[in-house]
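Here the sequence shown is numbered in the numbering used here, starting from 10 and rising by one per residue.
If you are wondering where the hints come from, they were derived from the structure by calculation, not from laboratory data. Backbone N, C-alpha and C fix where the C-beta goes; we use that ideal spot for every residue, glycine too. Honestly, I wouldn't trust all of these hints.
[To be verified] With beta-carbon atoms standing in for the labels, derived distance ranges: (1) E66 to E150: 32 to 42 angstroms; (2) E47 to S162: 29 to 39 angstroms; (3) P118 to V172: 19 to 29 angstroms; (4) W12 to V68: 12 to 22 angstroms; (5) D70 to A28: 25 to 35 angstroms.
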Amino acid sequence: KRWFPAAIETDDGLAAGAAVRFVMDQPGVDDSTGEVLEHDPPKVLVLRWDTDVLRFEIVPDGDGSRLYFSHTLGGGGTWGDERFAAQHAAGWDSCLEHLEARLDGAEPPPDHWFEYNELYVEEFGLAEGAIADGGKILRFERVLVQPLDDVWSVLRGDGTLAVGAP
10 KRWFPAAIET
20 DDGLAAGAAV
30 RFVMDQPGVD
40 DSTGEVLEHD
50 PPKVLVLRWD
60 TDVLRFEIVP
70 DGDGSRLYFS
80 HTLGGGGTWG
90 DERFAAQHAA
100 GWDSCLEHLE
110 ARLDGAEPPP
120 DHWFEYNELY
130 VEEFGLAEGA
140 IADGGKILRF
150 ERVLVQPLDD
160 VWSVLRGDGT
170 LAVGAP
């Protein structure tokens, strides 16, 4: 919970096949469910989170160890398609920075999620628009994690919008 984006709760420990609840500590973000797919302490933990799969593997490396982490998008559910790839990558960068600080006994660094997200949007080509309806509509889609009311307020500006108003 101190570095991961959710508290992980299970009724049956971390045994393979156990149901998992990811309890979010962020306003407006719903809790979700998953399953323990593999648990081989202290080396491997694999979790299904909604439709995605998270794999944590720790291997010896000299006098220390190395963490190998992967997040495989499941292609469905709430967060599982490629539109969320930049958001996930940016979030994991921040989480792993917090883990590293915790292991070093230091305070976590400031969160750079927004800057990382923008870099990944460009790197993954998610800023591109899509042409639909036989070339008549150019559609841009962006994942925004700010509350709906805040985004709507910025989009409409200082005025009030109404259908048919000048």
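Going down the list of hints, with the structure as the test:
| no. | hint | in the structure |
| --- | --- | --- |
| 1 | E66 to E150: 32 to 42 angstroms | holds (34 angstroms) |
| 2 | E47 to S162: 29 to 39 angstroms | violated (45 angstroms) |
| 3 | P118 to V172: 19 to 29 angstroms | violated (46 angstroms) |
| 4 | W12 to V68: 12 to 22 angstroms | holds (19 angstroms) |
| 5 | D70 to A28: 25 to 35 angstroms | holds (33 angstroms) |
The structure does not agree with the numbered hints 2, 3 stated previously, though it agrees with the rest.
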